[in-house]
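Top to bottom, those sequences are chains A and B. Numbered by this note's numbering, the letters in the first sequence go through residues 1 to 499 in order. Numbered by this note's numbering, the letters in the second sequence go through residues 1 to 499 in order.
Heads up, a few of these hints could be off.
BS3-like mimics (lysine-lysine), calculated; alpha carbons at most 27 Å apart, straight line [stated by the list, open to error]:
id	chain 1	residue 1	chain 2	residue 2
1	B	Lys207	B	Lys137
2	B	Lys164	A	Lys337
3	A	Lys101	A	Lys207
4	B	Lys94	A	Lys100
5	B	Lys72	B	Lys280
6	B	Lys14	A	Lys332
7	B	Lys53	B	Lys422
8	B	Lys332	A	Lys14
9	B	Lys26	A	Lys26
10	B	Lys72	A	Lys101
11	A	Lys100	B	Lys100
12	A	Lys422	A	Lys52
13	B	Lys100	B	Lys207
14	B	Lys26	B	Lys164
15	A	Lys424	A	Lys26
16	A	Lys164	B	Lys164
17	A	Lys332	B	Lys26
18	B	Lys72	B	Lys372
19	A	Lys72	B	Lys72
20	B	Lys45	A	Lys337
21	B	Lys332	A	Lys26
22	A	Lys337	B	Lys428
23	B	Lys26	B	Lys14
24	B	Lys26	A	Lys164
25	B	Lys137	B	Lys422
26	B	Lys372	A	Lys101
27	B	Lys164	A	Lys14
28	B	Lys100	B	Lys137
29	A	Lys72	A	Lys101
30	A	Lys332	A	Lys26
31	B	Lys101	B	Lys72
32	B	Lys286	A	Lys164
33	B	Lys286	A	Lys94
34	B	Lys164	A	Lys26
35	A	Lys26	B	Lys337
Away from chain B, derived, C-beta distances all over 10 Å, residues of chain A [to be verified]:
id	residue
36	Met21
37	Asp139
38	Glu206
39	Leu220
40	Cys279
Please keep in mind that the hints were generated in silico from the structure rather than gathered at the bench. Just so you know, these numbers come straight off a predicted model, no measurement behind them. Just so you know, even glycine gets a beta-carbon here, dropped at the ideal spot from N, CA and C.
2 protein chains.
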Amino acid sequence: MSQQAVNGVPCRGKVLTVDNMNPNVKRVEYAVRGPIVQRAVQIEKELREGVKKPFTEVIKANIGDAHAMGQKPITFLRQVLALCSYPELMEDNKFPEDAKKRAQRILGACGGHSIGAYSASQGIECIRQDVARYIEKRDGGIPSNPDNIYLSTGASDAIVTMLKLLVCGEGRDRTGVMISIPQYPLYSAALADLGAVQISYYLDEEKCWSLDVAELRRALNAARQHCNPRVLCIINPGNPTGQVQSRQCIEDVIRFAKEEHLFLMADEVYQDNVYAEGCKFHSFKKVLFEMGPEYSSTVEMASFHSTSKCYMGECGFRGGYMEVINMDPEVKTQLTKLVSVRLCPPVPGQALLDLVVNPPQPDEPSYATFMKERTAVLSALAEKARLTEQIFNAVPGITCNPVQGAMYTFPRITLPQKAIDKAKEEGKVPDMYYCMRLLEEEGICLVPGSGFGQREGTFHFRLVWLPASLLPPVHIQTSKSFNLMRFYVTTLYCLNPDD
Amino acid sequence: MSQQAVNGVPCRGKVLTVDNMNPNVKRVEYAVRGPIVQRAVQIEKELREGVKKPFTEVIKANIGDAHAMGQKPITFLRQVLALCSYPELMEDNKFPEDAKKRAQRILGACGGHSIGAYSASQGIECIRQDVARYIEKRDGGIPSNPDNIYLSTGASDAIVTMLKLLVCGEGRDRTGVMISIPQYPLYSAALADLGAVQISYYLDEEKCWSLDVAELRRALNAARQHCNPRVLCIINPGNPTGQVQSRQCIEDVIRFAKEEHLFLMADEVYQDNVYAEGCKFHSFKKVLFEMGPEYSSTVEMASFHSTSKCYMGECGFRGGYMEVINMDPEVKTQLTKLVSVRLCPPVPGQALLDLVVNPPQPDEPSYATFMKERTAVLSALAEKARLTEQIFNAVPGITCNPVQGAMYTFPRITLPQKAIDKAKEEGKVPDMYYCMRLLEEEGICLVPGSGFGQREGTFHFRLVWLPASLLPPVHIQTSKSFNLMRFYVTTLYCLNPDD
Chain A
1 MSQQAVNGVP CRGKVLTVDN MNPNVKRVEY AVRGPIVQRA VQIEKELREG
51 VKKPFTEVIK ANIGDAHAMG QKPITFLRQV LALCSYPELM EDNKFPEDAK
101 KRAQRILGAC GGHSIGAYSA SQGIECIRQD VARYIEKRDG GIPSNPDNIY
151 LSTGASDAIV TMLKLLVCGE GRDRTGVMIS IPQYPLYSAA LADLGAVQIS
201 YYLDEEKCWS LDVAELRRAL NAARQHCNPR VLCIINPGNP TGQVQSRQCI
251 EDVIRFAKEE HLFLMADEVY QDNVYAEGCK FHSFKKVLFE MGPEYSSTVE
301 MASFHSTSKC YMGECGFRGG YMEVINMDPE VKTQLTKLVS VRLCPPVPGQ
351 ALLDLVVNPP QPDEPSYATF MKERTAVLSA LAEKARLTEQ IFNAVPGITC
401 NPVQGAMYTF PRITLPQKAI DKAKEEGKVP DMYYCMRLLE EEGICLVPGS
451 GFGQREGTFH FRLVWLPASL LPPVHIQTSK SFNLMRFYVT TLYCLNPDD
Chain B
1 MSQQAVNGVP CRGKVLTVDN MNPNVKRVEY AVRGPIVQRA VQIEKELREG
51 VKKPFTEVIK ANIGDAHAMG QKPITFLRQV LALCSYPELM EDNKFPEDAK
101 KRAQRILGAC GGHSIGAYSA SQGIECIRQD VARYIEKRDG GIPSNPDNIY
151 LSTGASDAIV TMLKLLVCGE GRDRTGVMIS IPQYPLYSAA LADLGAVQIS
201 YYLDEEKCWS LDVAELRRAL NAARQHCNPR VLCIINPGNP TGQVQSRQCI
251 EDVIRFAKEE HLFLMADEVY QDNVYAEGCK FHSFKKVLFE MGPEYSSTVE
301 MASFHSTSKC YMGECGFRGG YMEVINMDPE VKTQLTKLVS VRLCPPVPGQ
351 ALLDLVVNPP QPDEPSYATF MKERTAVLSA LAEKARLTEQ IFNAVPGITC
401 NPVQGAMYTF PRITLPQKAI DKAKEEGKVP DMYYCMRLLE EEGICLVPGS
451 GFGQREGTFH FRLVWLPASL LPPVHIQTSK SFNLMRFYVT TLYCLNPDD
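All chains should be built: construct the whole structure from the sequences, respecting the hints.
Below is the structure:
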């Protein structure tokens, strides 16, 4: 139709086509919700329609979505949100007094006492104060200024905004941004969208995915030939690799950032998700300040947190914040202006964040239940982390680093040449071939390592080890209950594709 | 400090400064939350600290933020949100059955039955189905496909995403986007951010801010000299001008878009806010389809709606959607990929949107209260619209077009040369000078016309006529209760700055 002449006027086809759309958008890739996940959704539909499969449900181990995977919301958080949504419940004696007090305080800070009003673009002031107090407490008293806190629509929003501020220049002067490989693909996607240059530095799989400053320097020096490196992004605890950085490593990174005149972005959304013995979360800010004024008064940094992970797992509310440190005041003015265009982050997400940074205290009625629920979630996660590592290392062809933190593991799969050739025949990257088979034959949905980046010739997958059906929440004695057999079968198949 | 040498290494100043930040961000302006609003916030602080002023409160007439200005939330919406937040309330017999049914349906569509789970990036499927049904009903049965619906973080998010898809090319090939003057500054801000070319077409103040195709053509032809015009943006009902477009005008615009091969963006967030007799909201989609297949199967369009305006005014929830029509399927795939990077719009906002498009029905227990509340809000708005126009036209130096829709008026102020000179002395745009005086002396916070654009040599302001303290919700007999005197005094002052 669109190619025919209408009233003698030839139609020119679509105004907007893939050939004339924004080329940066075309370069964006986001594997966590990519083709394998789309196929998983189709398979779920087929199962509902009665199509016979070797399994009865798809286990979605592709995304860190705790509630979708059976984790229950924390009662206190949801009570306060219900009170904020429908303040008539303040009269209801089923709600504890501390929940009411929190809701009243939040509503008092909202225009017209309603979470339906826009907030200040930077976020509600008293919530930013609570965030600053939380950071101070977390970091052993190092001061935090509420004016440096920007509430956001999940951490992703703040990360993209911060990157947007930093990108400038053309050709060899274009801003380069250092990101780890493997990485969380929000970063590569945002850089593609902004037309910035991605500088890849590799984490050391042999050393439990640790970060080595020599590798940072190698990547930086190579990049200086073709762009202007200005930013260093770190994810700690790591996504997709689940490692937790040592204090020493963080110090080295900060020293490197200062020497090389880089803006630091510290993605710390898994700060409560640390499980391995001997591991501890150290915030970049705390280490920065402990290194003395030579560092704490010069190194520019933004750090990010979210309501989506840790023990809350409230992804749907899109709550988050960033703290900026040593940011030029004029740039801050520009940042504040930029975020004002989108008016404000969702207010229910801001309210939720307030409860996370200001949870029930020991003398409050909700404290006991809150702590019990929080501890139960974190213990279950720790147990799953332990089992994940143990079980994977029992599967032939798979090697798995210790799962120190976050909600992921990024095991390596050894695929023989035969399997690699088979994948190539089908026009697939070998790890995509493996993950697709695992999905089609066993109903387990993973994201192939190629979606996060990996060293040439190595193959991995990211597994989110949250799903209850993957690793039941009961205490487990045998590895079989981890649906290990599903991995066995597919892995063996891939090892011997002609059998 | 940062300029000194530390350990013999000279510091190079900040990594990120206004001189080396993203130049597009520097070009972004958003007057609705600009300097005048920042001053208003300061004044509020001064009042709280006991500073004496000629007024006791600041009346914020700068932003369409209904709840902040005293409008009460609709009970049904908030009941369902409370039930979704804290499903334990399902047992509570204080909640009507239809509210529980809605909450259960929404939760059933959420991963793990929790609004804390991520949704599909395009939005929850059953909510997209409800949106499609709402559009079909609104447009007299013209079909709407849920696959063409994208839920969003307020309408702003969807508008920016759509513009981002459309922008490409360099130099004279750079995408040009036609926007009305006066405009809602989200558009100019987004275009600056994307580095697109803004093509201004002027609304006709003499004809009640109507849109004239001859002016569209003038603007388009002029722009073709220096860019590639591809997009035409329309706001109906108008922001900041409050006009409602006639069916004939919409037809003309659609014909123009087809002839000139432009992608249409119809911002229709005020679709329920139509007050003037003889005015009616016509959706661009309905008119497009009534023009026959020659148009309905070729003209590419996106239309936008939000939970922030109309009778709901739930700005803080950041709910919204866009419907795309005749979009190239490959571009749609790119759009879906692009929105997946941010994971999903806030789920509480999606839930709220579901209630807006699927409100209580006549046979349901909440219907009577819902309708009563909805009607009360819309009648109060209609009355305020009428009074605003009537009262402004009684102030010397101010002329005000009929307020047909939305929540704004954009009156013209006649400033004598003396006042204009005085403004220049102070280094201010004359309408900014007027608004700043009105704020300092009377405590009324408006946005100057220059923040929206206006014809050279004319001066305006945008007034949001929602604030209860500006126009009390009681029935009003005298114009004085509209705080008219406050406008008188300042206007007279500006007319005679030497008095």
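For each hint, the structure was consulted:
1. Between lysine 207 of chain B and lysine 137 of chain B the alpha-carbon distance is near 32 Å, which puts this suggested pair outside the 27 Å criterion.
2. Of the supplied pair hints, the one linking lysine 164 of chain B and lysine 337 of chain A holds, its CA atoms being roughly 19 Å apart against a limit of 27 Å.
3. This hinted pair does not check out: lysine 101 of chain A and lysine 207 of chain A have alpha carbons roughly 48 Å apart, beyond 27 Å.
4. Between the alpha carbons of lysine 94 of chain B and lysine 100 of chain A the distance comes to roughly 18 Å, so the proposed pair stays at or under 27 Å and holds.
5. As the CA atoms of lysine 72 of chain B and lysine 280 of chain B are separated by approximately 26 Å, the hinted pair is consistent with the 27 Å bound.
6. With a C-alpha separation of about 13 Å, the suggested pairing of lysine 14 of chain B with lysine 332 of chain A holds against the 27 Å cut-off.
7. The straight-line distance between the Cα atoms of lysine 53 of chain B and lysine 422 of chain B is roughly 23 Å, inside the 27 Å bound, and the hint therefore holds.
8. Between lysine 332 of chain B and lysine 14 of chain A the alpha-carbon distance is near 13 Å, which keeps this suggested pair within the 27 Å criterion.
9. Taking the CA atoms of lysine 26 of chain B and lysine 26 of chain A, the gap is about 26 Å. The hint holds against a cut of 27 Å.
10. At most 27 Å may separate the alpha-carbon atoms for a hinted pair to count; lysine 72 of chain B and lysine 101 of chain A meet this at roughly 21 Å.
11. Between lysine 100 of chain A and lysine 100 of chain B the alpha-carbon distance is near 23 Å, which keeps this suggested pair within the 27 Å criterion.
12. Under the criterion of a C-alpha separation no larger than 27 Å, the hint pairing lysine 422 of chain A with lysine 52 of chain A is consistent with the structure, at around 26 Å.
13. For the proposed pair lysine 100 of chain B and lysine 207 of chain B, the alpha carbon gap of about 49 Å is over 27 Å, so the pair is violated.
14. Distance hint between lysine 26 of chain B and lysine 164 of chain B is fulfilled; the C-alpha atoms sit about 18 Å from each other, no more than 27 Å.
15. Annotation: proposed proximity of lysine 424 of chain A to lysine 26 of chain A holds, straight-line Cα distance about 24 Å (limit 27 Å).
16. Between the alpha carbons of lysine 164 of chain A and lysine 164 of chain B the distance comes to roughly 14 Å, so the proposed pair stays at or under 27 Å and holds.
17. For a cut-off of 27 Å, the pair hint linking lysine 332 of chain A to lysine 26 of chain B stands: about 12 Å separates their Cα positions.
18. Using a Cα cut-off of 27 Å, the hinted pair lysine 72 of chain B and lysine 372 of chain B holds, with the two alpha carbons roughly 13 Å apart.
19. Restraint check for lysine 72 of chain A and lysine 72 of chain B: not satisfied, since their Cα atoms lie roughly 32 Å apart, outside the 27 Å limit.
20. Distance check on the hinted pair: lysine 45 of chain B and lysine 337 of chain A sit about 20 Å apart at the alpha-carbon level, within 27 Å; holds.
21. Proximity of lysine 332 of chain B to lysine 26 of chain A is assessed by CA-CA distance (about 12 Å); at most 27 Å being required, the pair is judged to hold.
22. Straight-line distance between C-alpha atoms of lysine 337 of chain A and lysine 428 of chain B comes to about 20 Å, which keeps the hinted pair within the 27 Å bound.
23. The straight-line distance between the Cα atoms of lysine 26 of chain B and lysine 14 of chain B is roughly 17 Å, inside the 27 Å bound, and the hint therefore holds.
24. Distance hint between lysine 26 of chain B and lysine 164 of chain A is fulfilled; the C-alpha atoms sit about 11 Å from each other, no more than 27 Å.
25. This hinted pair does not check out: lysine 137 of chain B and lysine 422 of chain B have alpha carbons roughly 55 Å apart, beyond 27 Å.
26. Proximity of lysine 372 of chain B to lysine 101 of chain A is assessed by CA-CA distance (about 31 Å); at most 27 Å being required, the pair is judged violated.
27. With a C-alpha separation of about 17 Å, the suggested pair lysine 164 of chain B and lysine 14 of chain A falls inside the 27 Å cut-off, and the hint holds.
28. Of the supplied pair hints, the one linking lysine 100 of chain B and lysine 137 of chain B holds, its CA atoms being roughly 24 Å apart against a limit of 27 Å.
29. Of the supplied pair hints, the one linking lysine 72 of chain A and lysine 101 of chain A holds, its CA atoms being roughly 23 Å apart against a limit of 27 Å.
30. For the given pair, lysine 332 of chain A sits about 31 Å from lysine 26 of chain A by alpha-carbon distance, which is inconsistent with the 27 Å threshold.
31. Taking the CA atoms of lysine 101 of chain B and lysine 72 of chain B, the gap is about 23 Å. The hint holds against a cut of 27 Å.
32. For the hint pairing lysine 286 of chain B with lysine 164 of chain A, the CA-to-CA distance comes to about 38 Å; that exceeds 27 Å, so the pair is violated.
33. Taking the CA atoms of lysine 286 of chain B and lysine 94 of chain A, the gap is near 49 Å; set against the 27 Å cutoff, the hint is violated.
34. For the hint pairing lysine 164 of chain B with lysine 26 of chain A, the CA-to-CA distance comes to about 11 Å; that is within 27 Å, so the pair holds.
35. Straight-line distance between C-alpha atoms of lysine 26 of chain A and lysine 337 of chain B comes to about 9 Å, which keeps the hinted pair within the 27 Å bound.
36. Its closest Cβ contact with chain B, about 6 Å, brings methionine 21 of chain A to no more than 10 Å, contrary to its assignment away from the interface.
37. Every C-beta of chain B lies more than 10 Å from that of aspartate 139 of chain A, the closest at about 22 Å, which supports listing it as non-interface.
38. Non-interface status of glutamate 206 of chain A relative to chain B is upheld: no Cβ of that chain comes within 10 Å, the nearest being about 31 Å off.
39. Taking the minimum C-beta to C-beta distance to chain B, about 14 Å, the non-interface status of leucine 220 of chain A holds against the 10 Å cut.
40. The beta carbon of cysteine 279 of chain A sits about 27 Å from the closest Cβ of chain B, which is more than 10 Å, so the claim that it is off the interface holds.
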